[in-house]
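Colleague: Chain residues, written in single-letter form:
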Amino acid sequence: MSARATAGEKAGLAALALLGLLAGGAFAGLVLSATRQGGDVAGAFDTWLWSAARFTLWQAALSTLLSVLPAVLVARALFRHRTFPGRGLILGLFALPLAIPGIVAALATLMLYGRAGLLAPVLAPLADGQWPGVFGLSGILLAHVFFNLPLAARMALEALEAVPADRWRLAAQLGMGPAARFRVIEWPALASALPGIAGLVFMLCATSFAVVLTLGGGPSASTLEVAIYQALRFDFDPARAAALTLTQLALTGLLVTGLQSMGAPLTGETNLTLARHGYVPPVSRSQAISGMFVIAMAAAFVGGPLVAMLLSGLQADLPRLLGESAVRQALVTSLALALASALLAVALTLALLRLRLDREKARRRGVSQGWIEWAAGNGASLILLVPPIVIGAGWFILAVEAGQLRLTGIIGPALVTTVNAAMAMPFVMRLLGPAHDMAAARHDRLSANLGLTGWMRLRLIDLPALKGPLAAGFAFAMALSLGDLGVIALFGSEDFRTLPWLLHARMGSYRTDDAAGLALILALSCLALMMIAARAGRVRA
Amino acid sequence: MRNILLAACSAIAMAGPAAAADLTVYTYEAFTADWGPGPVVEKAFEAECGCDIEFVDVTDGVALLNRLKLEGEDTGADIILGLDTNLMADARETGLFAPHGVSLENVDVPGGWSDGTFIPFDYGHFAVVYDTEAVANPPKSLKELMEGGDTPKIVIQDPRTSTPGLGLVLWVKKVYGDDAPQAWKAFSDRVLTVTPGWSEAYNLFVKGEAPMVLSYVTSPAYHMIAEDTDRYQAASFEEGHYMQIEIAGQTVKGKDNPLAARFLSFMTGPGFQDVIPETNWMMPAGKTEKPLADAFSKLVEPSASLTFTPEEVAANRKAWVDEWLSAMSR
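If you're matching them up, the sequences are chains E and F in order. The numbering used here numbers the first residue of the first sequence as 526 and each following residue consecutively. The numbering used here numbers the first residue of the second sequence as -10 and each following residue consecutively.
Hints listed in this document are in silico derivations from the structure and should not be mistaken for laboratory results. As the structure is a computational prediction, the values presented were derived from the model and not from experiment. Beta carbons are placed, not taken as given, at the ideal position from N, Cα and C, and that holds for glycine. Treat the hints with caution; some may be incorrect.
From chain F, some residues computed to sit far from chain E (all C-beta separations above 10 angstroms) [as the list claims (entries may be wrong)]:
(1) Arg56
(2) Thr106
(3) Lys242
With the C-beta cut set under 7 angstroms, the calculated list includes, among others, these residues of chain E facing chain F [claimed, not checked]:
(4) Ile628
(5) Gly639
(6) Leu644
(7) Leu662
(8) Gly742
(9) Pro744
(10) Trp980
(11) Arg984
(12) Leu985
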């Protein structure tokens, strides 16, 4: 027991240390620069900032509510209906909104619901003939729900699928009705996962920046992230950027960790399950109809803007784009980067999950655990509250201070890989967490009895048991990294052009059609990844 | 899988330290893009000097200045290319630029140029660009734009994060002076939304979401030349148009490199200036050999080029942006 705990513990602590280093290094860089040039920290905390903070939290709370509640219905429906044609495609599509750059997704929702959107003629009668579009809070909420509903549904689905099949069987044998099954089986599984899911969605919405500004209709709709970004641009004031980031961490972080502490710990099954995985609870006719209705609605909501994106992407000269060496090079760079980030994200997450579980068990035995258990559970999430531009600027300053400017060509890509991995970890954690804890509860004793530890245990016990969620987590991490950019604004690595970078560059120089075509290529690559992962993760009967 | 891993390694290896070039120019990304002026300029200058020039690019002009500030005197740059007149005072204050010592006889920008440190490489006037299929009567003056009702709608950029956004603030301040806050209040109903940067705004515009957008007088030239359409036009304003001049200068490091002054001199001549109009979509600020494409003769010719001095901008930018912020966020 102790040998395994040590190996697992080391990996977990190393993962925590890496996260700490990433954020701490960035802060150190900013503070270092601030001590050189001074700064106007107090100037940042004006009335405008507090109204921005209020708006940040308000729109994030609404977005979370509107994303997570329907997501539960969608997840339940998807859990019950596992064989209809197109289910795999829907699950794949659900990963896309997060994977395409925010501004592209925002434009995609406008192609549907905007003033000139495909639905404008249908919506016009509602607004006296001229559909005014969706700018303002409604636009922000629409885009945020489009991003997060599918994500939340996907995560809630993983929580439901982590429930051991034996429970369903037992419920059926006991003749439980749908209401009783929900109360006794589904709700506990969802209740333990939902606070984490809601917390993640809340953080994503609170730090949303380009989407909020673009769709918000005016500067009164801006988030704290805008102030941080501003501090690192025209004003270049690292001290203020650091102070604002800490404010964002404090305000949002407190809310989120409060929310997450509401999550009840999962009670595991200590006996080995005999039932095959993937047991489908019986579905009544009315349930089947309502379930398919929910799925159809969700698919239409998520699929609509994606179809609009497809149509506009098809107008681009795709053969020419794919023939360009710049595009092919960017695609390869993006895929390589995403692969490296995803591997790192999954490895770090597994280490943190193990660490948290071990600490939780130790606490139950009465050994006080303090902040490490907390950090293992929450540290990965909080990194989302540190804006990429802060991490990028902070580390750039460190590189300059260390006199390693010539190395920015290496530091830049390494930083992007690590930041992408760190940013993907909260997602992987939620996709993997329920299944991991459930599997650990079932296998820990067996492994201890057999003396299986470290790598052997990981290979023989954990990886096979977690195959499905691991593939899902891996694919999500890859998809997220494919769409990400923003860290290397100052680094300027000419040889490190990713697909989203190319997309933004073309968008910024009148080449709108090219940008739409690249968005399509990006989305299709992501979809392919999700489908491959789904196939790889399928549990063999 | 293995191929991707190999590609990852090679991508990282390629991004490693580059061999030291004879001349290092820091610039913004749009300059070095495949379709930007960078590749042509690099080839032309290298042919002339028989040397190796290296471009290092960051996101935009603002990031460019920030990067230089961070690097300080140890900067790797000989030349900084891509700041504008609004950043000029801040740039000068860093003390990291050296006098150029280059003849300005080729330089040609509205209002003339005599600065001893910075040299213009192109310029452009901000303008409201409109969709002729959606707007029959575009505003004829800034006053009409600001006070002429709430349609047709316009998308503008946030002055806190974007250069054109800041340009509009300066334009309004130049025309309205102390009455700017009232003008912004009247204007706010016309504003469909405020985007963080130019590209979001322009995309909303070409997707038909907004009939007007804040952009440049030269924007229609792109659509005429690359897309062969007259659909998008700039509105000519009676009061004149605010002007942005893009500048370059040599750093204290570059002053010891004879190629730096040579490059700046080259920059004012046809080898550089000829490619500016149709790659950077701005007006050339020096001597050209080729006549400009026809499309450029069809563009709006501003009746006046409005500017503040760089020092005025530096001293008042924050106050004026705050004014915009409180008037617009009612």
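Colleague: Could you run down the list of hints and mark each one as holding or not?
Modeller: Each hint, compared with the structure:
Separation of Arg56(F) from chain E is inadequate, the least Cβ-Cβ distance of about 5 angstroms not exceeding the 10 angstroms criterion. A cut-off of 10 angstroms between C-beta atoms confirms that Thr106(F) is not in contact with chain E; the least separation is 20 angstroms. With a least beta-carbon separation of about 12 angstroms from chain E, Lys242(F) lies farther than 10 angstroms from that chain, consistent with its non-interface assignment. The interface hint given for Ile628(E) holds, since its Cβ lies 6 angstroms from the closest Cβ of chain F, which is under the 7 angstroms cut-off.
Annotation: Gly639(E) was flagged as interfacial toward chain F, and the flag holds, the nearest CB pair being 5 angstroms apart, inside 7 angstroms. Because the smallest distance between the Cβ of Leu644(E) and any Cβ of chain F comes to about 13 angstroms, over 7 angstroms, the interface hint for this residue is violated. Because the closest C-beta pair between Leu662(E) and chain F is about 12 angstroms apart, greater than 7 angstroms, the hint is violated. Because the smallest distance between the Cβ of Gly742(E) and any Cβ of chain F comes to about 5 angstroms, under 7 angstroms, the interface hint for this residue holds.
With a cut of 7 angstroms, the hint placing Pro744(E) at the interface with chain F holds, because the nearest CB-to-CB distance is about 5 angstroms. At about 20 angstroms, the closest approach between the beta carbon of Trp980(E) and any beta carbon in chain F exceeds 7 angstroms, and the interface hint on this residue is violated. Nearest Cβ of chain F to the Cβ of Arg984(E): about 18 angstroms, over the 7 angstroms cut. The hint is violated. A hinted interface residue such as Leu985(E) counts as satisfied when its beta carbon comes closer than 7 angstroms to some beta carbon of chain F; here the least separation is about 22 angstroms, so the hint is violated.
When held up to the earlier numbered hints, the structure conflicts with 1, 6, 7, 10, 11 and 12 and fits the remainder.
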